[in-house]
Structure formats: C-alpha cells, structure tokens
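K.L.:
Given the coordinates of chain D, work out where chain V should sit on it, guided by the hints.
If you read the sequences in order, they're chains D and V. Residues -17 to 94 in my numbering are what the first sequence lists, from first letter to last. Residues 645 to 757 in my numbering are what the second sequence lists, from first letter to last.
Because the hints were derived from the structure by calculation, they are not lab data. Please note that the accuracy of each hint is not assured.
[What the hints assert, rightly or not] Residues on chain D that point at chain V, a partial pick, calculated with CB under 8 Å: (1) -16; (2) 13; (3) 24; (4) 38; (5) 79; (6) 82; (7) 85; (8) 88.
[As the list claims (entries may be wrong)] Covered stretches of chain V (in silico footprint by chain D; criterion: 3 or more residues with CB under 8 Å from a CB of chain D, positions within the stretch not fixed): (9) 678 to 689; (10) 726 to 740; (11) 744 to 757.
[What the hints assert, rightly or not] Taking lysine-lysine pairs in the DSS-like style, the calculated list, with each CA pair at most 30 Å apart, reads: (12) V/693 <-> D/39; (13) V/693 <-> D/-9; (14) V/749 <-> D/-9; (15) V/749 <-> D/39; (16) D/-9 <-> V/713; (17) V/713 <-> V/702; (18) V/744 <-> D/39.
Small disclaimer: the values here were computed from a predicted structure and weren't measured. Cβ atoms here follow ideal geometry from the backbone N, Cα and C, with glycine treated the same way.
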Amino acid sequence: DSGVTQTPKHLITATGQRVTLRCSPRSGDLSVYWYQQSLDQGLQFLIQYYNGEERAKGNILERFSAQQFPDLHSELNLSSLELGDSALYFCASSMGPNQPQHFGDGTRLSIL
Amino acid sequence: AQSVTQLGSHVSVSEGALVLLRCNYSSSVPPYLFWYVQYPNQGLQLLLKYTTGATLVKGINGFEAEFKKSETSFHLTKPSAHMSDAAEYFCAVSDPRDDKIIFGKGTRLHILP
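Just chain D, same shape as in the assembly (with noise of 0.2 Å):
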C-alpha cells in the first residue's frame, strides 16, 4: 500500500462529458503529480502541484485542469471527453523536490 488514494478505481462515460478524478496523497507529501497511462503512449506526465501551487505541466490537454486544495488532495478535471481520453490515469505524491514519487493504483477512465 503507497498510502495514496485515488478514487474513482473505474470510470465509464460518453464523449463529451465531463469527469472529475480525486486524489490523495501520503500523509507528509506536499507534491502531487498526474499522470495518464495509454498502450500507445505510455506514461505521461501532466501536471505537478506542490503545496496548493502549480509547479509544472506536461502534455496535459486544455480540456483537463487540475487543482491542490488546502488540505492536499488534488483533482483532476477531464471535459468534452473524447476516444482518445480512455486511459489509465495515475496520482503520485512525494515529500518534495527530487524525492521518490509514490503511486496510487489509478483510476481507468473508459469513454463509450
């Protein structure tokens, strides 16, 4: 068990929605990262927060948001959903900068 929660495990939706996933990190960790993971292009960074603030982005999409709240857990925001957005999509947190990231099982997002 990493200690970081993810929640919803599985996600089923149509395009053009919208889905909120929830994360929470290990207790102590002020860094929380997302991450998607498809068959085809494997695991990619999205986005970053430390402490509530926005560190750094990856290959996130326009349509996808995220947040750090004040008690730490984070939200990623997925809208207009497509095909293409099916994946799995991980939450990591560690205690800061450079430190070993910690995965949550993940939440599977399938659009219909």
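P.N.:
Chain V alone, transformed into the frame defined by chain D:
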C-alpha cells in the same frame, strides 16, 4: 531536455536466469535515475534510485542497477529471476534542478517456467 530509452518493449527470461533490462538516458546535467515496477492493475512502485555517490545501487526484491556515465546507461539486473518478477518495468530520469520525472516507455518482463 531529458529523455529515456528502454531497449526492448518485451523481454523473456527463464526462471532462475539473469534478468537484464536496458535503459539509456540523455541529460544535459548529472541526472537522478530511477527504476519503477508496475504489477497488473496497480500503480508504479519504486525499485531503486540513483542520485549521487556509489554508482551501483541496490533496490528491493534483489534488483540492482549501475550508473555508467560514460555509456549514459542505467541498466537493471537481477541474478536469478522469479515468477513473481513478471511485471512492467520503467526507467526514469529527472533533472535535480526541477521536480519533473521523465519515464521511459517501459519493458514488460516475462518469466518462463
């Protein structure tokens, strides 16, 4: 910019044989290097990391990796494969000046009985 190349998307070894998973990196500064393992339906788990100091790094489950600057490599090895080692393995690199980790595309390790 940093990048990671993992040679071989699939590797098969017999139980009890040597495991060797190859990773080459590109970095403009001395990097931090990581190996992660992903079991089915789970997130990634850190196997080992290299930051500075000793270039041979020992990790969990009997794995180790050696940082070779001259070859820009960080290959993962285990002397004797177990069936439980079947999983996907990711090499990753980060720039110590920032907090972004770049992952390779992964190598799926198959263990043959």
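K.L.:
Run every hint past the structure and note whether it holds.
P.N.:
We went through each hint and held it up to the structure:
1. Satisfaction of the interface hint for residue -16 of chain D is found here, the shortest Cβ-Cβ separation to chain V being roughly 6 Å, below the 8 Å cut-off.
2. Taking 8 Å as the C-beta cut-off, the interface hint given for residue 13 of chain D holds, the closest approach to chain V being about 7 Å.
3. Satisfaction of the interface hint for residue 24 of chain D is found here, the shortest Cβ-Cβ separation to chain V being roughly 4 Å, below the 8 Å cut-off.
4. Below 8 Å, beta-carbon pairs count as interface contacts, and residue 38 of chain D has one with chain V at about 5 Å; its hint therefore holds.
5. Because the beta carbon of residue 79 of chain D sits about 4 Å from the nearest beta carbon in chain V, less than 8 Å, this interface hint is met.
6. The beta carbon of residue 82 of chain D is positioned within 8 Å of a beta carbon in chain V (closest approach about 5 Å), and the interface hint is therefore held.
7. With 8 Å as the threshold, the beta carbon of residue 85 of chain D comes within range of chain V, its nearest partner Cβ sitting at about 3 Å, so the hint holds.
8. Because the smallest distance between the Cβ of residue 88 of chain D and any Cβ of chain V comes to about 6 Å, under 8 Å, the interface hint for this residue holds.
9. Counting residues of the region 678 to 689 of chain V whose CB falls under 8 Å from any CB of chain D gives 7; the rule of at least 3 is met.
10. Coverage of the region 726 to 740 of chain V by chain D holds. Counting CB-CB distances below 8 Å, 3 residues qualify, and the rule asks for three or more.
11. Counting residues of the region 744 to 757 of chain V whose CB lies closer than 8 Å to any CB of chain D gives 7, so the stated coverage by that chain holds, three being the minimum.
12. Annotation: proposed proximity of residue 693 of chain V to residue 39 of chain D holds, straight-line Cα distance about 23 Å (limit 30 Å).
13. For the hint pairing residue 693 of chain V with residue -9 of chain D, the CA-to-CA distance comes to about 28 Å; that is within 30 Å, so the pair holds.
14. This hinted pair checks out: residue 749 of chain V and residue -9 of chain D have alpha carbons roughly 23 Å apart, not beyond 30 Å.
15. Proposed proximity of residue 749 of chain V and residue 39 of chain D is supported: the alpha carbons are some 19 Å apart, at most 30 Å.
16. Among the hinted pairs, residue -9 of chain D with residue 713 of chain V is inconsistent with the structure: their alpha-carbon atoms are about 40 Å apart, more than 30 Å.
17. About 17 Å separates the Cα atoms of residue 713 of chain V and residue 702 of chain V, which keeps this hinted pair within 30 Å; it holds.
18. Using a Cα cut-off of 30 Å, the hinted pair residue 744 of chain V and residue 39 of chain D holds, with the two alpha carbons roughly 9 Å apart.
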